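Participant: Take a look at the letters that make up each chain.
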Amino acid sequence: MTRLAAFGRFLYEFVVGDDPVIAVGVVVALALTAVVGDRAGGGFWIVPALVVCLLAGSLRRASTRSGS
Amino acid sequence: MSTVLLVAASFLASGVEAVEALTIVLAVGLVRGWRSPLYGTAVALVALTAVVAVLGPALTAIPLSALRVVVGGLLLVFGLQWLRKAILRASGHKALHDEDAIYREQAEEARLVGGTAGAGIDWYAFTIAFKGVLLEGLEVAFIVVTFGSNQGSIPLAAAGAAAAIVVVVVAGIKVRAPLSRVPENTLKFSVGLLLTTFGTFWGAEGAGANWPGSDLAILGLLVFYLAVSRVLVLLLRRTATPAPLLTGAE
Numbered sequence: 001m002t003r004l005a006a007f008g009r010f011l012y013e014f015v016v017g018d019d020p021v022i023a024v025g026v027v028v029a030l031a032l033t034a035v036v037g038d039r040a041g042g043g044f045w046i047v048p049a050l051v052v053c054l055l056a057g058s059l060r061r062a063s064t065r066s067g068s
Numbered sequence: 001m002s003t004v005l006l007v008a009a010s011f012l013a014s015g016v017e018a019v020e021a022l023t024i025v026l027a028v029g030l031v032r033g034w035r036s037p038l039y040g041t042a043v044a045l046v047a048l049t050a051v052v053a054v055l056g057p058a059l060t061a062i063p064l065s066a067l068r069v070v071v072g073g074l075l076l077v078f079g080l081q082w083l084r085k086a087i088l089r090a091s092g093h094k095a096l097h098d099e100d101a102i103y104r105e106q107a108e109e110a111r112l113v114g115g116t117a118g119a120g121i122d123w124y125a126f127t128i129a130f131k132g133v134l135l136e137g138l139e140v141a142f143i144v145v146t147f148g149s150n151q152g153s154i155p156l157a158a159a160g161a162a163a164a165i166v167v168v169v170v171a172g173i174k175v176r177a178p179l180s181r182v183p184e185n186t187l188k189f190s191v192g193l194l195l196t197t198f199g200t201f202w203g204a205e206g207a208g209a210n211w212p213g214s215d216l217a218i219l220g221l222l223v224f225y226l227a228v229s230r231v232l233v234l235l236l237r238r239t240a241t242p243a244p245l246l247t248g249a250e
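So the sequences go chain by chain: U and F.
Counting in my numbering, the first sequence runs from 1 upward without gaps.
Counting in my numbering, the second sequence runs from 1 upward without gaps.
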């Protein structure tokens, strides 16, 4: 059980990392792109736009923590 | 299409894919060491050979879009983690070498979990190289099969692709030494940017988006993310207190 839990923790850290919001946000961005598809100017802008928001939000949270 | 044009078209199209794979392997190898990314590359090439040998011309039945979404999504998550830490370091919110301690801890956990099979392998580097080479390798195989079958000569298309791969690999070996002299956090920053760029491109393309300029959009994304990252570093520096181990971070 300990090995299983350790593996689960390793896998989580491996894929999700320090900020789970980033992983969830990436899934949402790709899902939105899939829904929009070729409409709304090609939908190519959705992922970069959300990536900037996710990165800025994550950095803001991290800098607030490091400053407190 | 003449013989020369078929080889040239296959060479150029495969060369673009090979450069993309090489960029990822080179970037990860320079930052995390060469052993694990080279293992990842070798395993991807074995898997690729097996897939091509089993499927052959039926290769076009593989759902490449689904593969792009999965690989792109994971690269994007990994890339954003690297970029986030590099920006925090460059802006003074994080010490330079703390990631090494975290990495050692994770490698120790991986060894405990995986037993002897996991010992000494940097799974991050392995997986990133594996995914990049497998996806790009599959795209090269697609190019060979589609160009070759349309023009009635798969061997000629394969020769063009093989020549492109040799040229790209030789170029990669030549640029490895000068790149290894680049400061550590600059390299980490670059890897984060590259993974985020490729992850965005592949993920969105797999999800159904059409990139303006096709593969040239990769350069546009890279410049865009670089500019955004620089702005974020400048903004964060205003609120930073000096980190003791931060030297020469850019």
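Worth flagging that the hints you see were computed from the coordinates, not collected in a lab.
One should not assume that every hint holds.
Said to hold, decoys possible - Derived list of chain F stretches under chain U, where covered just means 3 residues or more per stretch with a C-beta under 8 Å from a C-beta of chain U: (1) 65-76; (2) 86-95; (3) 210-222; (4) 230-239.
Please read all numbers here as calculations on a predicted model, not as lab measurements.
Heads up, the beta-carbon is just placed ideally off N, CA and C, and yes, glycines get one too.
Participant: Each of the hints needs a verdict: does it hold here or not?
Facilitator: Each hint, compared with the structure:
no.: 1; hint: 65-76; in the structure: holds (count 5)
no.: 2; hint: 86-95; in the structure: holds (count 5)
no.: 3; hint: 210-222; in the structure: holds (count 5)
no.: 4; hint: 230-239; in the structure: holds (count 3)
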